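Student: Chain by chain, the residues:
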Amino acid sequence: MAFNLIGKDFTPHDVRPKVLGTGKYTEDFRKEGMCYMKMLLCPMPSANVTSFDASEALAMPGVLGILTADDVPAVEEPSYPMLTNKPRQLGMPIAAIAAETESIAADALEKIKVAYEPQPFVLDPLESLYPGGTNALESGNVTGGGEGPIHTVKWTARDFAEAGDEKLPMGAAPVEWNVGDVETAFAEAALIIDEPFVTASSTHQAMEPRSVLSYWENGKCYIHGSSQSQSWMMPGLARMMDVSLDNLVYIAEYCGGGFGAKASPYAVQGMTAFMAKKINRPVMLRVTRAEEYHLGGTRPGFQGQIKMGFDQTGKMTAADLYIVQSGGPNRGSGDYSAAAGAVALVYTPTNMRFRGAAVVTNKPWHVSQRGPGQNQIACIIEPLLDRAAKELGIDRIAIRDLNAPDADVIFTDRESTVTSMYLKDAFQMGSELFNWEEKKKLSGQRNGTKVIGVGVGSAYHSAGSNGFDGLISIRPDGKLYVHSGVGNLGTYSYAGTSRAAAEVLGCSWENTVVLNGDSRHGLPWTLAQFGSNSTFTNTRTNYAAGNKAKEMLQNLAAQEFGGAAEDYDVADEKVFAKADSAKAMTFAEAAQKAIELGGEWDGHEYPDNLNDVTKAAMSTVQGVGLVAAAKDEMPKEGSVPGMATGYCMIELDTETGKFEILEYHSVADCGTVMHPKGLEQQLRGGAVMGIGEAVLDRMVYDPQNGLCATVGLYQTKPPTILDVPSLMEMSAVNKPDPQNPFGVKGVGEPAMGCAASALLSAISDATGTYFNRTPVDPDMIINALAGQPQSFKPLQVNV
Amino acid sequence: MQKKFSSDRYDPLGSDRDALSRRHFIKGVIAAGTVAGAAGLMTSCSDGSDNSEGAPAAGSVERLVSINVNGNVRRVDVMPNETLAQTLRNKLSLTGTKLGCDRGSCGACTVMIDGVTQNSCSVLTHTVRDASVVTVEGVGGANGEIHPVQQAMIEELAPQCGYCTPGQVVSGVALLQRNPNPTREEVRQALAGNLCRCGAYNNYVNAIVKAAGSA
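Protein sequence lines, in the order shown, are assigned to chains Y and U. Following the numbering used here, the numbering of the first sequence begins with 6 at its first residue and continues without gaps. Following the numbering used here, the numbering of the second sequence begins with 3 at its first residue and continues without gaps.
One chain only, chain U, in its complex shape:
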């Protein structure tokens, strides 16, 4: 379902596409055989270890899948109703992806799926088995180099509290991949789904424009 989107970001003035995404996500949860209650959207496993003490709830039987994360194929047990954010954070120890709302509103959990930015809190892990996922930990490449966007954000002292920063980084990197020389306005549009309560927006734009110039 991610591939339906042609743009990096939903258009905040006409958010139909995002609503569609959320609707598809919830339909996916229901189709996965779980009750579409709040409990179905929660963290169910701390570290991928066997939770034999707890009887599996309906729809929570895990299945081994392979997903390509940051260039590596990772084999991981996922529940049908498990979100990509949960898998990344709780099973693959990729805690750079943050959860700010867990409802597709804030953008702190932004990752790239086949080069397209997505809120990983609103993507079911089993839907990305054939896709390539890039998180903040992987934007610099396989050898852990720092991406020019990240370097520029350090130089510009872009983050404040830093909680939204991984999402801003991923959105910025995704933009430069598809548009190596964006205008300030294009950068703003690309970051429109990443909320920053500290209000460091200007600094993030400055950094991404600077990175584009140096990339």
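Okay, chain Y solo, but in the shape it has when bound:
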């Protein structure tokens, strides 16, 4: 199906301000009377504050006020506190001071007399599971990830003794599911691979720290935030500040990156707003880069064991996966469960068992990062698939293709289904574009100290949702206004999905205005901009709102000119009789008419099934023209699979362990391509971040004192331009998802996992070693090539 706008390139309205430097991020705003806030952070991994005296600080000239745990809502473990006297993490905020200048606030912090009683702490989940091991929180050491209460789990000394150093101890699992019978399948398998693995906790490192500006005016709370999401932030922040949705203004037009760590309301936003309320001044909190490493979110690390059985053809007949997930002192995310789901879907093992434990530690706040769970596990499984292919004498893409799902796949104990699936098409296309058959002949070719490695990888993420609201207005200026509640993470999907409404109404892009980034525009309820979901979710909401507006225009014309609604059509910024184009009303005229009619025509009346956030937005929008708000009630069955494949060739120096990526291709299954340049960006950008995940990103801790060694960009360096190929090639299968009106679905997250796993596959190909760990650094490569043991044990973490 050909579209006028969907599938074509365009220039989103925020690109120009970004390159001119005029786009305003939180720290760029100034407010009359603005003062600055600085936070007192806990200097050790776990402590109780035994005495606290801020009198000297408060007496300093220029100091305006202090905020302590007594001033903010208390939360129960394992929720993350805004301020606390029982910090359970290095860098957890204890108090904050506001002052006329940031220097004075910082000096005042030094004058606070605070005594800490150090508490036992734990950084390694396995230590917490050991009999008598420390619980990171008073309430326990294991959460249900996204679900279930926190509780205490200890394994037996025998569990650990039997495992030794080379295998994951596997005590009773808090979470477990089974499909089929893995034991019988292993007994019949032609090949079994059974390996322990570690994926390091890594941090999001968005370029913009999570600074906040907040002030109160006439009972309204204003928050300028750095966030991936817009409307999604509203209910949580309103609850946090105890204001109605009408009395919250949230401004986040630009966001300097989030990658999962700025998806939902976070503690420093509330802290700043509480301070602003307490001292009745606008308050700016500039979060520093070092503070970001404590407060900015960390991807959960895994310690695990994967046992896979294959038959002679390479079909995976059994997978037995155990993951111990390392979290912070908070509930954390369900990465480990998502990883199991990914194994079940991407490799379709006939029989599968998953066991998992999400363990809390005294490390920083852990939260989903791009491809939570799916990307970590791809880094482990994909190189091991190479090993299986090698041992069975099968081509490495062939083994992936053989195990790849079709659209009728049923996976996990929940018997999940998918809306569409073209992973096999992606492998076929990728192998042709990358010229796999020729490239793999270069594998192992030596040039002096250098050797060629060729790799392939894939990744999945559930990339779409439903049930959210669309809102558009047609105004007397003759233009279509699409109100987008999507955040501005830099994917341009807030704009790309808005084109769905224009597409439905046959409206030109030049006459379409996208309103986003400021709740005062009146923005509808939608999901956070996470999980690669915006593309699927919000083309549906804007399709729903666009169709509603079309129906309203047709009815309006029928009232005006007579006849039935279906006698009229909408295009080119007017509604007109199909039989007689002289019977026509322009958008401008229709908007004027709608305002005159009021009621359901201009947004004063609206459907009751809208979310409260959308209803609050209606009070802003009503009366501006013809207003159409609609909830997406179209059916949706199954997970929306964003799939991506990556192909890579490296030249690795066997003397230094360094390598150069000579070529990288990525082919995505993201349904119909919505925005070609946007897709290229996601596939390339995801690849860069994937390279980081594979070989660079990690958090390192001192086991004795629990201090963090990675609190600077130079200590856990994201890839620079010199770490990535000069050119990266991108393609998409471009076949529609039947459950989206335009056939589109998202792909931002698997774009990262497929690159990370393809690079690790290439490193294994060049070195003949399966590292079962991320990141793989040059030291590890040199040790492997020299036949030396690694400097850490297989399941050791925080190194």
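It is possible that some hints are incorrect.
Claimed, not checked - Below, simulated BS3-like cross-link-like pairs (lysine-lysine); rule was C-alpha separation at most 27 Å, straight line:
no.: 1; chain 1: U; residue 1: Lys-93; chain 2: Y; residue 2: Lys-13
no.: 2; chain 1: U; residue 1: Lys-212; chain 2: Y; residue 2: Lys-36
no.: 3; chain 1: Y; residue 1: Lys-682; chain 2: Y; residue 2: Lys-13
As the list claims (entries may be wrong) - Not close to chain U: a few residues of chain Y, all C-beta gaps over 12 Å, as computed:
no.: 4; residue: Arg-35
no.: 5; residue: Gly-149
no.: 6; residue: Lys-159
no.: 7; residue: Lys-172
no.: 8; residue: Gly-449
no.: 9; residue: Asn-471
no.: 10; residue: Pro-481
no.: 11; residue: Gly-568
no.: 12; residue: Arg-689
Just so you know, these hints were derived from the structure itself, not from any lab. These numbers come from a predicted model, not from an experiment. Glycine included, each C-beta is placed from N, C-alpha and C at the ideal position.
Chain Y is fixed; fit chain U onto it per the hints.
Tutor: Using the frame of chain Y, we list chain U on its own:
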């Protein structure tokens, strides 16, 4: 001290020159009479207004200086320990220059000083009194025209989140000033100090190469 550098960028494989720059910067802060603690490196003034409510900390007495920014001589009160990034952002309202780390690691605050790119978070304002500073707001010329590098970045949809973009623009413009026809590899070297977590590197290179072709 900026004039010691012959290249646009430190060599990321042998970062001695950058370390030197940072060391000189910190020495400069100490010489300026302030305590070399964290507080000395922070924003001390929101808008250049008189902060009479707060007693000046040691070393924080402001002095009126003139600096040439984007072709205009601007007179501004600066503290001895004030960084150029602070002056640009907080006193001259030039917020296009971003702070990503405030420690000379990320390149988001890149400006040109006498045509040479520098991390403005690691340059003391009083050291640039005789120099010409160009920020992202000034690369297009005095009349606010858009520079071909910026135009090409729009056409190539180069930025993602956009936070590192001003730094990428300045590095790209500085490169084309000294080398109007760079190879892709030369563009990569010129952008090596500008981190982009979104990973839009390929797109920035494409744009700068395109701008070189059209300039």
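Student: Against this structure, judge whether each hint is valid.
Tutor: Right, here's what the structure says about each hint:
1. U:Lys-93 / Y:Lys-13: 42 Å, violated
2. U:Lys-212 / Y:Lys-36: 40 Å, violated
3. Y:Lys-682 / Y:Lys-13: 9 Å, holds
4. Arg-35: Label violated. Min Cβ-Cβ 6 Å, cutoff 12 Å.
5. Gly-149: Holds, because the least Cβ-Cβ distance between Y:Gly-149 and chain U comes to about 31 Å, which exceeds 12 Å.
6. Lys-159: The assertion about Y:Lys-159 holds, with a minimum of 39 Å to chain U.
7. Lys-172: 36 Å, holds
8. Gly-449: Answer for Y:Gly-449: holds, closest chain U Cβ roughly 27 Å.
9. Asn-471: The claim stands: Y:Asn-471 keeps its Cβ more than 12 Å from every Cβ of chain U (closest is about 26 Å).
10. Pro-481: 30 Å, holds
11. Gly-568: 45 Å, holds
12. Arg-689: Non-interface label fails for Y:Arg-689: nearest chain U Cβ at 5 Å, not farther than 12 Å.
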